[in-house]
Structure formats: C-alpha cells, structure tokens
Amino acid sequence: MASAYLDFIRIRFLTMLAYRVNYYSGIAIYAINIGAYYFLWKAIYGTQTELGGFTLAQMTTYVAVSWMARAFYFNNLDREIANEIRDGSVAIQFIRPYSYLFVKLMQGLGEGLFRLLLFMVPGMIIVCLLFPVHLPTDPGVWVLYLVMLVLSFLINTQLNMLAGLFAFFVENNEGMLRMKRVLVDLFSGVIIPISFFPGWLEATMKWLPFQAITYLPSSVFTGRTAGEEAFRVLGLQVVWFLALIIPIAWVWRQARYRLFVQGG
Amino acid sequence: MFYASLCWEYMKNYAKTRLTYRLDFWIEVLSDLMFQALNLIFILIVFRHTPTLGGWSEAEVVFVYGFFMVPYGIFGTFFNLWNFSERYIVKGEMDRVLTRPAYNLYQILLENMDPPSLFGSVVGGIIMAVSWSSLGLPFEALDALMLVIFVIGAVLIYAGLYTALTAISFYSDAPTGILPLMYNIQNYGRYPVNIYNKTIRFLLTWILPFAFVGVIPASYFLDRNEDGLSSLALLTPLVGIVVLSIGLFVWNRGIKRYRGAGS
Chain A
1 MASAYLDFIR IRFLTMLAYR VNYYSGIAIY AINIGAYYFL WKAIYGTQTE
51 LGGFTLAQMT TYVAVSWMAR AFYFNNLDRE IANEIRDGSV AIQFIRPYSY
101 LFVKLMQGLG EGLFRLLLFM VPGMIIVCLL FPVHLPTDPG VWVLYLVMLV
151 LSFLINTQLN MLAGLFAFFV ENNEGMLRMK RVLVDLFSGV IIPISFFPGW
201 LEATMKWLPF QAITYLPSSV FTGRTAGEEA FRVLGLQVVW FLALIIPIAW
251 VWRQARYRLF VQGG
Chain B
265 MFYASLCWEY MKNYAKTRLT YRLDFWIEVL SDLMFQALNL IFILIVFRHT
315 PTLGGWSEAE VVFVYGFFMV PYGIFGTFFN LWNFSERYIV KGEMDRVLTR
365 PAYNLYQILL ENMDPPSLFG SVVGGIIMAV SWSSLGLPFE ALDALMLVIF
415 VIGAVLIYAG LYTALTAISF YSDAPTGILP LMYNIQNYGR YPVNIYNKTI
465 RFLLTWILPF AFVGVIPASY FLDRNEDGLS SLALLTPLVG IVVLSIGLFV
515 WNRGIKRYRG AGS
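Chains as they are written, first to last, in the numbering used here: chain A, 1 to 264; chain B, 265 to 527.
Treat the hints as calculated values from the structure; they're not laboratory data.
Keep in mind it's a predicted model, so treat the numbers as computed, not measured.
Incomplete in silico selection of chain B near chain A, CB under 10 Å:
1. L287
2. F289
3. E292
4. L302
5. N303
6. F311
7. G319
8. Y452
9. L467
So the derived label-pair ranges between C-beta atoms look like this:
10. P315(B) x Y98(A): 54 to 60 Å
11. P315(B) x L201(A): 18 to 24 Å
12. P365(B) x P198(A): 54 to 60 Å
13. E350(B) x L6(A): 25 to 31 Å
14. A91(A) x S321(B): 55 to 61 Å
15. P365(B) x D7(A): 46 to 52 Å
16. G88(A) x N489(B): 54 to 60 Å
17. F102(A) x L362(B): 40 to 46 Å
18. N516(B) x R96(A): 43 to 49 Å
19. S25(A) x R517(B): 15 to 21 Å
20. E350(B) x R96(A): 19 to 25 Å
21. N516(B) x L6(A): 41 to 47 Å
22. R517(B) x G227(A): 54 to 60 Å
Pairs of lysine to aspartate or glutamate residues, derived as EDC-like cross-links and limited to a Cα-Cα distance of at most 16 Å, are as follows:
23. K355(B) x E84(A)
24. K206(A) x E229(A)
25. K355(B) x D87(A)
Idealized CB from N, CA, C, for every residue including glycine.
Chain B on its own, in the form it takes in the complex:
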C-alpha cells in the first residue's frame, strides 16, 4: 500500500515536471517512435534483397519485431536506468535514496520513470495486430492470455538483466558503462536465432536471454518450431523470474559496496 501510494506520488510529480517542458515530451515520443521505425527499416531493406531469413518470411520477422516492441516499451517506461552510474554514484545521489525508508531500487526506478516509451508498446501492438491478420493466424482467447504472460515474462527478463548490469556500477565506477554496448546485443534476439551459430545462440538464449524477449515467445504464435523455439516459449515467464531474482541479488549485494562520493 505504501509502495502504491509512493508510485502515485511520483507519477504526479512526473506529470508536473513534464508539463514544464511540454514540447520536449512530444519530441521524445516522436524520437522514440523514429528510433523504432529505423530498426524496422533494417528489416524492410534486408527483405528487398532476400525472400527469407533463415526460413522466416518478411511478415513473420515483422511480427517478431512487433512483439519485441511491446515489452520493450514497458521496460523502457519503468527501468530507465541509463544514467544511473553518473547520477547516483558519481554525483552521490545514492546517499539521499538510502536514507529513505522505501526499497532503494524502487525509489530509483520511480525517480527515472519514462512514460513516453509506452508509445513504443502501442505501435508494437499495432504492428503485431496488422501482421497477425496479414499472416492469417487464428486468434483465440488463449492467445490473448499467453500474450500477457509472455509480455510480463519478457519485461522481467529485461528488468533482471539491466538491474544486474546497472549494479556493475557499484563495483567499477566507470562513466561510460557497459549499457550502451549491451543495447546492441539485445537487438539480435529479434531475429530468428536459428541463423546464428551455436555459441551466439546459446548466449542469446541462456546467458543474456534476449531471445526470450523477441523471437522465442513470438514463435509460439507463429507456430515456428525451428530448433524447438516455440516449445521454449512456455519457459519465458520462468526465465523472467530467474533472471529478475539474479538481478535483484546482484543489486542487493552491490549496494552494500556503495560508498558515498564527496560532493
């Protein structure tokens, strides 16, 4: 209850700050969407030169992309930790967070909320709906339920991975961080992972399970069972819980190493 009211207060706060820079809000929404559009362009350009990608058609790859956008938008809204190291470690704002009674990570997430990202989810949903009908896939009640479960699972995977990666800042106070580089790797989980060699496929499935936020759950709906992809899909929520637990564990251990920076 306390945590819910805290969330509400932060939301109100967010709205107030955002109303000061109204134009910027829309610029951010627009740039977010353009960012997604540009990724889509890659797929569209690639398919001008080849009919299939590892046996997957253009519509199927676009569908995977649409699915990928939905959890990513939700994750982007609540886990906007890109500037963590700079803001909380280097500038020492962590001190302020730690003196308060609420769970530190929760406070940090609320402080950095980024609701414009949700527009990405909406667009992803539209892309998925369009390709769903153009692929002529049947839509049943069970699909809707599975969709929700997969999206939640995927968000948990992102959350866990990025929490763990952000917690690295407690160990090495590097300013540029590993996150921007990781950003590229997450994109490879959108493509049919059967095109990669064993090492990369293993990496994307079990080490940095980005395949579970894109191609694996999407293959459940597409019914593509290359290398057992669609049967892996049911593991998505489980992987999510495991990864999140690891992430929180790393975070909680890391936070003990935090020493305030002099200001």
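For reference, chain A alone in the conformation it holds in the complex:
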C-alpha cells in the first residue's frame, strides 16, 4: 500500500518534468521577484540600518529564502480538490481503496520535490550570485531548516486542503481560494516579515498557523532565531501540523454527507 502512495509522488514528479519549460521561465521570474523586493526593501530602509529587528543583509536573505521556500511548499491542491468536487470525480475517489486526502498530499509532495530540485536549488544559486544573500555556515542550521521546510509544506498543504474541501459547502469557492492565497502570502510573512506588523496584528499572528509556514523557519535560517528558540519553532510547527488534522478530519466527515455533484 505504501508503495502505491510513493507512486503518486513519482507520477506527479514525472508529470511536472514533462512540463519543465515552465520552470526555466519560473526561475527567471522568481529571481526578478526577489530582486524587486530587494530594491523595495532597500528603499524602505533608506538610511536606517535596522527595521523590525532585521538588518538589510538579513532582510535580503530573508526575502530570498522565503521566496525559494515558497517555491517548494506552494501547490494548487486547493484548486485541484475544489475542481474534483465540482466536476464530481471526487465520487470515484471515494470508492477507491486509498485515502483521497493522502493521495493529494503525495501528489503535492511530488510537485514540491520537483520544484525543490529543478527550481529552488538553481534559483537559489542564481539569486546568491545576483544579490548580497548571506547563507548560514552551520550545517546544523541547514538540517534543521530542511526539517522545518517539510513541516511548512505540510501545514500549507493542510490549509489548502481545508480551503479546497470547502467546495463541498459552497458551490463555487473560486473567490475564497483567491482570498486564501493572499492571506497565506501576507500572514505567513513572505511579503512582509511579521515583526513589521503593528503590535495587535503581530500578537494575533502568534495564535494562527500562518507564521509557521514561512516567517518562523526563515527567521531560523537567517540566524535571527537560534539555539533553544529554534527548536521551539520546530515544536510549534509540529503542534500546528497535529492541530490542523482535526478540522480536516471533521470537514472530510461532514463532506461525505454533503456531496452534491453539479452536472457530470
């Protein structure tokens, strides 16, 4: 059974490989993205040496690492799930001898691994050549970060699943999905590190899962969070991963009774 799931990773990886032309352009576009943010932040810093606890060098690294991490954890599972619910193919998935959501997770992982190898790694090399990015020298931080990256992927995928499964309850959740994407980008800290938020918003973020996707792991990688504190971040990610299983399981149970296929 486990090997069947592994096959889902493999198949998705190969599917992505078939469309790799996309990704060559993707690397260039991500580099432009990071570049634009680099200059934007440089202008925001102006003559100031530190903002929101970040030096400009740390900010540059933060932006580069966060965007590259996003390349790995980002996926369209929300839309895939919503589409399968809408066109009714989810009904077939119900009767197959595997867990639908787990299959989706595996497909997302296949996609993520593809981007990690063919997008994130070459992209990071290019970005490091173009911009003053300071990567950590301690191999321990790299290992810890890789573990965190996997958890980022899991948490983001869980949020995607929740948003996608919502299609069971509203007939057309396209708008919701778009909104979710923006919320995740903003609140996870890709666009602005959370320490820049006004006090009340920063305090609210501590109680939400978004910061565990980008902000906290990137803070560890840029060296703002180190030692014991870094492990606390890891712990927090694990807690969120476990906590999010509950609403997904609940929605999935409810959804089975609500399946309403529109046409098809």
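On the provided structure of chain A, position chain B as indicated by the hints.
Structure of chain B alone, referenced to chain A:
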C-alpha cells in the same frame, strides 16, 4: 454591430448563470476587495517604518495604488484568461470556438467575463479621489480627460501583455502556466520605479511595461518627475496600442498552431 449584439447576449447569459449562484457573486466581490485591501496593507505597514519610499510620501504611494486599481479592475472584467490553457487547450474547447464566425479571442473574452472585478475599479477611484483631495492637488477638466486616456492606455497594456502570455499556451501545453508568476511582477509597477536598479526599471518600463499601468501615469497627476516619469506618462496610450498589437500578433500566430485535443 454583430459584435455589439454578441456582447449583449453574453452579458445576459452571464447574468443568468450568476443568478443561480447569487451568494457566490457577493463572495467574489468581497474576496476581490479584500485582495486589494491586503495589497494596501503592505503599503500602510511599510510606511509605519519609513517616512518616504524613494522620495515619495505615503499619500503619494497610496494615490498611485488607487490609480493602479482602476484599469486593473476593467482589465480583470474583460480579460479573465487565467484558466485559458486548462479550459480551451487541454479540454479542447477551442474547437468549439473556432467553428464559429466571430473572432475567436473576442468570443473567449466574452465567455469568461468577470464583472465583479469592476468593484475594484470603483474602490480604486475612491482611494484616488480621497488622496487627491488630501494631497491638495488641483483638479482641472484636462485632468479628467487625461485620466480617461491613461486608464484606456493601461487597460490596453494589460490586454496586450496577457493576450501574448496566454498565447504561449499554444506553444507549450503546460498546465500551471506562466500567468501566476507574472501576477507578482505586475505589482512592482505600482511602486516608484526610481527605487529599482537599471535592469528592473528597464524591464518594468519597456519589456513588461507594468510601470505604465501604475506609477508612470499616476506621476502625471502628482507632478513627480523622478527620472522623467511624468513626461513618460504621455506615452501611456501609445505603449498601450503597441503592446496590444504585439499581443494580437502573437495570439493570431499562436492560434494557427492549435491542434484540437482528443476528448
């Protein structure tokens, strides 16, 4: 005339489908507006930490953002091509479009119309009006005329760029597409482009002229002439026509490569 009546029929059709999912219409309007609000939050948060951005004040940057929203909303209404590759190429719906007498791109645009986006334009207009008065800018009849011209120019730029980018699906049948990535780049045209280095500024001005849908035309009203921005503003409609022509050219060439997918 034929094209106008076609447009009207599609509008009626749109209204009918939308009335089936009434709640969703409002959810979409709301999420669109929230989407815009979140972009604004970035600007507001950034200005809590710095008084100026490349010499531009908060009110000025917000003004640019307000302007940016107006053409973007119009573009979003008529050029909702995000799912093009999936719907028309992969699922082969292009076959159906091509057998009809009206211009194929026109049919596709009408089929995908998304009027809720217009609310974004309205909000953008309000933001612009508010910052216009808070900045104490004079308002003359000529400004109104220039505003209309710039908005039209900006819509043409969007239309051309996204038509060209969508036409890429004729050459590479990739499912995820380049559009979502491009989506981020268009946002950088909202910020004062003088903060970027030469390469990015050149890119945003002449290659993917997103600066012409935000900061350049807006600088005309703000009278900010950093690196000749406000004098470039008058080129907006011209750039629009050029970009649209390129877009249509790429599209028309691309469509010849279309081969129906088996269903």
